[in-house]
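Okay, here's what each chain looks like letter by letter:
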Amino acid sequence: MTVNIKQWPGTALATRDLEQGHVLTVKYKPRAEYAWDAGVAIARYLEELKAGRLIARSCKQCDRILIPPRMFCEECFRPTDSWVYVEDTGTVNTFSICHVRWDVVRLDQPQLPAVIHVDGASPGMGILHLLGEVAPEEVYIGMKVKAVWEEASRRQGSITDIRHWKPWKEE
Amino acid sequence: MAKVAVVGAGMTRFVRRAQETGRELSWQAAKMALDAAGLRLKDVDAVVIGSAPDAFDGVHMKGEYLADGSGGWCKPTLRCYVGGGTGVFAPIQAWYHIASGRFDTVLVVCEEKMSSCHPHPQGAFLTIFDHTTERALGPNLLWIFALEMNRYMTVHGITKREIAEVAVKNKRNALDHPCAQLGANLTVDDVLASEELAWPVNRLDVSPASDGAAAVVMCSEHVAKRTSPQPVWLEGVGWHLDTAYWTNRDLYYPQYLEYAARMAYDMAGIKEPRKEIHIVEPYDPFDYKELHHLEGLLLCKRGEAARLTVDGVTQRDGDLPVCPSGGLLGVGNPIAAAGLMKVCELFWQLRGEAGKRQVPGMPRRGLAQAWGDLMQVGTVVIMGI
Ligand SMILES: [Zn+2]
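One line per chain: the protein sequences are A and Y, in this order.
Using the numbering used here, read the first sequence as starting at 1 and increasing by one per residue.
Using the numbering used here, read the second sequence as starting at 1 and increasing by one per residue.
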């Protein structure tokens, strides 16, 4: 049947069709603002960030230390058991060198997003964050890193209370 | 289990910006699928609509919005959505409508019109990141793909050059697809020389934003045998979801897809997928994803998919043709419609109707797969004649 169809539907518009007003368009800019509650587990996570510490939750049934922390273990489907401080050091599990914003506008300086496995949490427990104080070409998977904290007076209880993670050598 | 068949398929051209509205595109694809099946809307018992985020269209309750063009008014109609996995999930929904015994004929319509969202449809994706622990870092959608691609490449020692072969193959295959947006004859060097967006991702590693629609008609066994000269049977279906704590799982391997594939293989009675599947249409929004998915589908060993591609095994005339349609990289990526396009392609290929795209050797069984949500849902259908 596909071979017998000569004219497939769907009409492509070119940029000039829009610029020259050949097609009509109605525009709308939504105004929708949200205030997201941090919830029980993440509120404590944010408070501890403000204090310059990373905290996780432990589940004694699967013996995991979970970060980001959560009040229930999604695998055991039971409440998690206790709060556990973890280190502000870790290992780069993967990273990117990002040159564009979400709307594909080029950035002056590339961003270095990474998944960082946090020391003291269970193996494979990573968080999303940014790398800094390192040349992009020097980043590698397996690199040890340490959190660079915002000055205490400027911390707001946000994931950005860690400015970024920088290369670090274990003593 | 009750047998379910696909008896008709249709689709619009995939374009960057369509003159038609989403409802008009839906109608065009739905009408073509019904005509191909030799059926009319009054023969349809229920309608399944698949469409990705409402935020693309800026239309709330898109299922209702698209329902008239999809033939859904005054019928049992539902809209399903599992992100990018939607296009293959929609025919699975129709499968259980029919396998339940309650419905005989179901029309499946998938539509996406990404061009309505300005300045860039990526903006509609920003809310997939956790609002408290991730969005404050200013992430964009490319991050997760780049992070996953880097992890996959590094664990297996695969190069960008090898991965670029996928983009070259699919865009070339798309030259033979009458609905394709980005068919092209490119070289690996062209891909590597294209603008670097977020290392290791370059512009030509990525599928485009698109407008388009696709549709299929599905029937119970007794209706299919009565009305269709060549039904294509849904032999297996599978779907699976992994954790949304995406930084807590190793991105190098799509474990959830393996579970979805095993579910579908088990239903189809497939023991050796590599030998028993003759055509594969895995989800390829980025070139490395085709390789990642071939491994999750157990069609090769982990880390081996790049080698198969470089060796030409996945070419249309190779031993395991992969994306003979041209895939999302070549035909285009109107999210939900792109997944269903792959099901349409299997329908045409298995009936020997794919024209210039026809895979040689009379293939008898194919697999289509889509992927999405927060990069952790896998949807699989296996079709055969
Ligand atoms: Zn547990």
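Worth double-checking, as some hints may not be accurate.
With a straight-line Cα cutoff of 25 Å, these simulated DMTMM-like cross-link-like pairs (lysine to aspartate or glutamate) come out [to be verified]:
| # | chain 1 | residue 1 | chain 2 | residue 2 |
| --- | --- | --- | --- | --- |
| 1 | A | Lys6 | Y | Glu196 |
| 2 | A | Lys166 | A | Glu137 |
| 3 | A | Lys27 | Y | Glu64 |
Pairwise CB distance ranges, derived in the manner of DEER restraints [stated by the list, open to error]:
| # | chain 1 | residue 1 | chain 2 | residue 2 | range |
| --- | --- | --- | --- | --- | --- |
| 4 | Y | Arg135 | A | Met71 | 38 to 48 Å |
| 5 | A | Lys27 | Y | Glu221 | 44 to 54 Å |
| 6 | Y | Asp68 | A | Tyr140 | 17 to 27 Å |
| 7 | A | Ser158 | Y | Met1 | 48 to 58 Å |
Honestly, the hints are just simulated from the structure, not real lab data.
This one's a predicted model, so the numbers in the text were calculated from it and none came from an experiment.
The C-beta atom is built at its ideal place from N, Cα and C for all residues, glycine as well.
Against the structure, the hints come out as follows:
| no. | hint | verdict |
| --- | --- | --- |
| 1 | Lys6(A) x Glu196(Y) | violated (38 Å) |
| 2 | Lys166(A) x Glu137(A) | holds (14 Å) |
| 3 | Lys27(A) x Glu64(Y) | holds (21 Å) |
| 4 | Arg135(Y) x Met71(A): 38 to 48 Å | violated (21 Å) |
| 5 | Lys27(A) x Glu221(Y): 44 to 54 Å | holds (50 Å) |
| 6 | Asp68(Y) x Tyr140(A): 17 to 27 Å | violated (55 Å) |
| 7 | Ser158(A) x Met1(Y): 48 to 58 Å | holds (52 Å) |
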